[in-house]
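Q: Below, each chain spelled out in residue letters.
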Amino acid sequence: MNELQGYEVATFPFPDLDLVGILLYHDFPSTIVYAEDKQSPIIIEWVDCADDRKTHRYLAYKSSIKDLTKYIYGNLSHYNLIKSAADGLIVSYDEANGRRDNMQIIPFSKIPLSYLPKKDVYFESDEEVDLNDVIDFFNIPVKKNYYSIIEKEPTFPPSEITNEKVAIERQLLSEISQKELLKVVARQENSEVINMHIKEGSKIGFGTADTYVLGRLLITIDDLYRETALDHEEGVDRDNLRSINSKRGQSLYPRISTRVVLAEAASYSVFIRPIETDETSTDNHDHSILQKIFSLFSSSGDKTDLSKSKEHFSSYVYKSYQEFLEVIKLSNVDLECNFYNPFKEESIDQEFEYDKAIRLLENIRYLTTTETEKISLNIQFKALNTNTGHYTLKLKDGKQLKGHFDDLLTSLIPSLNFTDRYDVTISRAKINSTGSKKLKFEDTIISCLQSKT
Amino acid sequence: MRLKPKFILLMDFKYKSYLDTYKTCMISDCEELERPAYRWVFEDKNDPDNFKPQFLKSDFENHSKKNCNGYGLSFFDKKIEARNALIKRCKDKENAYKVVGSHIAGGNLKKEDGVSSKSSTDPKNFGHFSFFEYVNVDLVNSFEIVEKVFGDE
Chain A
2 MNELQGYEVA
12 TFPFPDLDLV
22 GILLYHDFPS
32 TIVYAEDKQS
42 PIIIEWVDCA
52 DDRKTHRYLA
62 YKSSIKDLTK
72 YIYGNLSHYN
82 LIKSAADGLI
92 VSYDEANGRR
102 DNMQIIPFSK
112 IPLSYLPKKD
122 VYFESDEEVD
132 LNDVIDFFNI
142 PVKKNYYSII
152 EKEPTFPPSE
162 ITNEKVAIER
172 QLLSEISQKE
182 LLKVVARQEN
192 SEVINMHIKE
202 GSKIGFGTAD
212 TYVLGRLLIT
222 IDDLYRETAL
232 DHEEGVDRDN
242 LRSINSKRGQ
252 SLYPRISTRV
262 VLAEAASYSV
272 FIRPIETDET
282 STDNHDHSIL
292 QKIFSLFSSS
302 GDKTDLSKSK
312 EHFSSYVYKS
322 YQEFLEVIKL
332 SNVDLECNFY
342 NPFKEESIDQ
352 EFEYDKAIRL
362 LENIRYLTTT
372 ETEKISLNIQ
382 FKALNTNTGH
392 YTLKLKDGKQ
402 LKGHFDDLLT
412 SLIPSLNFTD
422 RYDVTISRAK
432 INSTGSKKLK
442 FEDTIISCLQ
452 SKT
Chain P
316 MRLKPKFILL
326 MDFKYKSYLD
336 TYKTCMISDC
346 EELERPAYRW
356 VFEDKNDPDN
366 FKPQFLKSDF
376 ENHSKKNCNG
386 YGLSFFDKKI
396 EARNALIKRC
406 KDKENAYKVV
416 GSHIAGGNLK
426 KEDGVSSKSS
436 TDPKNFGHFS
446 FFEYVNVDLV
456 NSFEIVEKVF
466 GDE
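Chains A and P are the protein sequences, given in the same order.
Here the working numbering is used: the first residue of the first sequence is 2, the next is one more, and so on.
Here the working numbering is used: the first residue of the second sequence is 316, the next is one more, and so on.
Worth flagging that the hints you see were computed from the coordinates, not collected in a lab.
Glycine is no exception: its CB is placed at the ideal position from the N, C-alpha and C atoms.
Heads up, some of the hints might be wrong.
Said to hold, decoys possible - Computed Cβ-Cβ distance ranges for the label pairs, DEER-style:
| hint | chain 1 | residue 1 | chain 2 | residue 2 | range |
| --- | --- | --- | --- | --- | --- |
| 1 | A | 350 | P | 406 | 51 to 59 Å |
| 2 | P | 341 | A | 140 | 28 to 36 Å |
| 3 | A | 348 | P | 406 | 38 to 46 Å |
| 4 | A | 299 | P | 402 | 27 to 35 Å |
To be verified - A few chain P positions that, by computed beta-carbon distances, are all more than 10 Å from chain A:
| hint | residue |
| --- | --- |
| 5 | 334 |
| 6 | 338 |
| 7 | 457 |
As the list claims (entries may be wrong) - Heads up, incomplete: computed chain P residues facing chain A, CB under 10 Å, no partners named:
| hint | residue |
| --- | --- |
| 8 | 355 |
| 9 | 357 |
| 10 | 361 |
| 11 | 364 |
| 12 | 369 |
| 13 | 379 |
| 14 | 385 |
| 15 | 393 |
| 16 | 394 |
| 17 | 396 |
| 18 | 398 |
| 19 | 399 |
| 20 | 404 |
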């Protein structure tokens with residue numbers, strides 16, 4: 002039998018199953034339907050056996066009545082029935098003498114092809130064994146009423162988009178949830194892991210994601226990790242890391258970068274871990290880098306909390322968070338980030354969707370602080386723009402300043418000249434923008450009188 | 316078992332005790348026939364599962380056995396029909412040959428061996444028929460392996 006590359010689990014995730022019936026075949030029970038309750042079909046697929054035919058291998062997965070119905074009525078291939086497993090999660094196990102062994106959660110993408118039906122295989126009723134028991138148990142409508150239970154008549158074979166909606170509904174019902182898989186993956190990786198779970202979006206399908214969206218989400222969340230990790234390494238007063246290829250970037254790389262360890266159909270989930278385990282994630286005192294990121298997620302929902310967070314993060318972190326939110330907004334995706342620390346057994350969840358991303362972006366922009374001061378100067382104008390109100394002036398020491406006239410004074414500009422000196426009052430705004438360490442100055446002339454001397 | 320058989324039952328069926336538990340059974344439509352027959356078997360001609368009805372295998376142990384067919388043996392009229400059906404079966408479960416048989420055995424069924432159903436005319440299962448053995452019949456020696464369909468080279 003093939004070596005499987007799943008994630009070992011100690012207990013069978015479907016402990017209380019009632020046998021409903023054998024769906025296929027007369028010659029050997031290969032597709033067997035069980036139930037957790039009237040709404041939750043659990044399907045067990047025989048897939049392989051040892052040469053002595055005493056140890057058999059099975060795949061078990063939770064399906065939905067909709068998918069089971071579509072399969073029975075020939076509108077969903079056997080391949081897609083398995084692929085559409087709730088949460089995209091499938092459990093493999095070996096059974097000999099009634100004892101289950103070698104239990105693993107196996108992502109669909111890692112199931113050996115020899116364990117999957119060919120894509121053009123559909124249910125054939127002449128091969129059924131206990132079909133009526135299955136239909137009766139789950140109250141599956143007779144074929145003529147079949148289309149009343151699905152949103153629309155499916156194409157043949159059914160589109161992935163239809164599956165996507167069904168999959169999202171299943172998320173809420175599934176016992177083996179993405180969060181459970183996250184725990185298994187984190188333990189396997191021996192590291193904190195986040196599941197960036199893209200739940201819905203026009204460019205997201207069940208098991209598919211447009212590179213444009215997925216790529217940007219991955220880059221921006223990696224950037225957010227990098228900036229937060231750099232704060233952790235060097236303090237919030239650090240300089241910008243201009244390039245990961247710099248000597249400094251290369252020496253820090255494993256400690257400030259993330260790695261994708263698993264991608265799953267659900268609609269699309271990416272499991273990400275720090276390349277190098279953050280030491281603080283294993284002790285019980287400090288917040289790890291990922292925990293800090295989630296605390297930023299949390300505090301960004303409230304302007305006051307966000308302002309308080311400024312002492313913990315550099316402006317680069319806010320800037321990268323802003324870019325992450327911009328991708329969510331522009332791509333219009335619903336995203337859920339789930340965090341799990343296997344050392345402390347801590348979980349944190351954070352949801353993002355379009356409206357929330359806009360609100361959080363506004364909150365971050367609120368962090369931009371402005372202080373104003375008034376300055377009185379004796380100057381000479383070097384350039385004046387009567388249309389835009391902008392000016393360039395020259396101080397006595399030869400230094401030049403640029404700015405613009407207050408709206409109320411723009412009518413004054415045509416009467417000014419470049420030879421006389423003027424006493425001006427300038428309102429100087431010092432702006433500390435999010436994501437920038439440098440103060441930005443904006444000068445506005447609010448009074449201007451020809452100098453008497 | 317209430318039968319209106321198309322044959323005079325002089326012999327008991329091999330699995331009579333099981334068949335008797337069914338109120339209706341396809342045996343009533345079966346006939347004693349001389350006919351060539353082909354069946355999926357394992358590489359070892361003497362494998363004990365080669366001519367064992369499905370319901371007597373441990374695989375069906377915990378399952379309800381709703382009709383009597385499972386106490387019969389599946390055959391095909393022609394070798395190519397048996398071969399095509401096995402290949403089709405393995406499109407759904409690629410390793411199915413490991414449990415249903417990887418080779419084709421061919422031979423002749425005689426009237427004294429048992430009764431057989433009509434051959435299927437359904438294109439999906441063309442040439443398939445069920446066969447119910449009489450007691451003391453052992454088909455192993457009446458059949459020879461005639462083709463390997465799956466398995467190691």
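Q: Which numbered conditions among the earlier hints are violated in the structure presented, ordered from lowest to highest?
A: Hints 1, 4, 10, 15, 16, 17, 18 and 19 contradicted; others consistent.
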